[in-house]
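Chemist: Here is what each chain is made of, one letter per residue.
There are 2 protein chains.
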Amino acid sequence: MSSSSTCLPQQALKVGKVGFGTFGQFLAKTMIKQGHTLRATSQTGYSHICHQLGISFFRDVIAFLEADNDVMLIATSILSLSEVLRSMPLHSFKRRTLFDDVLSVKEHPRNVLLQVLPEEMDVLCTPPMFGPESCKNGWKDLPFVFEKVRVRDEPRCSNFLQSFESEGCRMVEMSCEEHDKLVARNQFLTHTVGRILLEMGIESTSINTKSFETLVKLKESMTTASFNLLDGLFTHNRFTQQEVCNVTNQKQASTFSTNKFRNANVVYNYAVDEPRAFFSNGQAETAKENGRRTKS
Amino acid sequence: MSSSSTCLPQQALKVGKVGFGTFGQFLAKTMIKQGHTLRATSQTGYSHICHQLGISFFRDVIAFLEADNDVMLIATSILSLSEVLRSMPLHSFKRRTLFDDVLSVKEHPRNVLLQVLPEEMDVLCTPPMFGPESCKNGWKDLPFVFEKVRVRDEPRCSNFLQSFESEGCRMVEMSCEEHDKLVARNQFLTHTVGRILLEMGIESTSINTKSFETLVKLKESMTTASFNLLDGLFTHNRFTQQEVCNVTNQKQASTFSTNKFRNANVVYNYAVDEPRAFFSNGQAETAKENGRRTKS
Chain H
81 MSSSSTCLPQ QALKVGKVGF GTFGQFLAKT MIKQGHTLRA TSQTGYSHIC
131 HQLGISFFRD VIAFLEADND VMLIATSILS LSEVLRSMPL HSFKRRTLFD
181 DVLSVKEHPR NVLLQVLPEE MDVLCTPPMF GPESCKNGWK DLPFVFEKVR
231 VRDEPRCSNF LQSFESEGCR MVEMSCEEHD KLVARNQFLT HTVGRILLEM
281 GIESTSINTK SFETLVKLKE SMTTASFNLL DGLFTHNRFT QQEVCNVTNQ
331 KQASTFSTNK FRNANVVYNY AVDEPRAFFS NGQAETAKEN GRRTKS
Chain Z
81 MSSSSTCLPQ QALKVGKVGF GTFGQFLAKT MIKQGHTLRA TSQTGYSHIC
131 HQLGISFFRD VIAFLEADND VMLIATSILS LSEVLRSMPL HSFKRRTLFD
181 DVLSVKEHPR NVLLQVLPEE MDVLCTPPMF GPESCKNGWK DLPFVFEKVR
231 VRDEPRCSNF LQSFESEGCR MVEMSCEEHD KLVARNQFLT HTVGRILLEM
281 GIESTSINTK SFETLVKLKE SMTTASFNLL DGLFTHNRFT QQEVCNVTNQ
331 KQASTFSTNK FRNANVVYNY AVDEPRAFFS NGQAETAKEN GRRTKS
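For the record, the sequence lines run as chains H and Z. The first sequence begins at 81 in this note's numbering and counts up one residue at a time. The second sequence begins at 81 in this note's numbering and counts up one residue at a time.
Isolated chain H, as found in the complex (with noise of 0.2 Å):
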């Protein structure tokens, strides 16, 4: 039997979201399309496009928890995640809920909802791969990764994810190790790219040729949003980590990795702050140790 055999016929479903940036609001359209009933709970105030959506919004945590929600979708930010669950009084909350991360890395949310997560609720890790900018043209095709990570209500699960399911998305399961070490080479790669190409101020010619049009796409898809994912890709992904090894050529990833890579901070200055020395052989960061050594 196919995979789509295992879901129940979709029923609407009571969805509170934390987090309602412009990933949350990209997801809400659809779902709210779908006939779930939204509600949102955010740090920033997001109740002016919550109306226009026809969304509830929450500045109360507490009454936002009690709203008898059936899922709770966390689309925080990677690196807010874990202090936006904390803040949250989720031990006195006692609706047997599922909750659902839709974040870009896996391991990481997985571990902070196990954390603070009360042991009746359940346990879904799901990151669509794509976002706003890169499916104008609706979800068909698109790989939906999940997994199961502690179900106990499977119909509730299945019925959520026939939400990506009934709007075409290719569904992937898979462990949140599995993803993080697929991902992280490709996603760090992509918005480190990308944010360089926008520090450029790369511009679309009368004459461009196709492959040069992709980077001007890749430019354009970068927001500032991005630059706290890329942020949050670096310090949430172990894999990511690695990979700036593997990155670097092999004599100088071995001094990197050996000698410095145990401070995390030195690859994640050239990579977030300085993406472009991102691209360097390492020697930058020796010049630039050789340069406070001068100053001091």
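If you are wondering where the hints come from, they were derived from the structure by calculation, not from laboratory data. Please note that the accuracy of each hint is not assured.
One copy or any two copies: either way a pair holds, since identical chains are not told apart in the list.
Taking lysine-lysine and the DSS-like style, the derived pairs with C-alpha atoms no more than 27 Å apart in a straight line are [what the hints assert, rightly or not]:
#	residue 1	residue 2
1	Lys113	Lys290
2	Lys109	Lys290
3	Lys297	Lys220
4	Lys109	Lys220
Just so it is clear, the structure is predicted and the values come from calculations on it, not from any experiment.
Once you've looked at the hints, dock chain Z against the given chain H.
Modeler: Frame of chain H; chain Z shown alone:
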């Protein structure tokens, strides 16, 4: 009147191709389909491929020059252009022919052609902004840039340009200088990023994002020929060298340009031999120099 109204109905031309690598072969296939008669000469032996395509291949350059061509289409690499043309006895060549180059820079071939050709020869410079990898679905709407550098036989020139116009190319008349200035950053950046991705050996996964897919496609468009092209773009487009300075950050760029950029090889080493370092902010270079000093 539109530009197409200046063209005569297309007539079959006898076209001699100087250089018959990937790009030369790619253009030849469409020109044969259009009914033109093609002949080719090349420093590399392409007789087998020419035979397959129904093109006469000349090892003997004098016989090639005497083969009564209406148009001589120059499709050498940027780097070998000058050597190839200077090795041909062009001044003993009596037929008044149109010389057209299809190289990815324009000022350089224009200058070489004006230097080496007898004054009676017409000169057209035409970089198509596409290649075998980027137009698998035909040439429609792809930009084709041209400058009539020295054209006295207008009907023949228009007839030749119609080979591109009739395939649906967007014809863009532009000076060589304007073209080189406009594409300097784009071309160099595209090939440098592509080469980095190739060196990194990035591979498609089952859960690619759309953005990462664009990088995979860019990597796949890089061939051995692209390496020579990157080299040519740097050494034979004077605007590229300026762009390399712009790419480094402002502070470093000033040091770069005033103290070191006089020696273009310094930049060249980073951009072509060590492309990852091209993205560093200039400190890599200092490090390298420090290293040399330490060793000496």
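Chemist: Each hint needs a verdict: does it hold in this structure or not?
Modeler: Here's how the hints hold up against the structure:
{"no.": "1", "hint": "Lys113 <-> Lys290", "result": "between (35 Å within a copy, 24 Å between copies)"}
{"no.": "2", "hint": "Lys109 <-> Lys290", "result": "between (32 Å within a copy, 20 Å between copies)"}
{"no.": "3", "hint": "Lys297 <-> Lys220", "result": "both (20 Å within a copy, 21 Å between copies)"}
{"no.": "4", "hint": "Lys109 <-> Lys220", "result": "within (16 Å within a copy, 37 Å between copies)"}
Every hint, counting from the list given before, is met by this structure.
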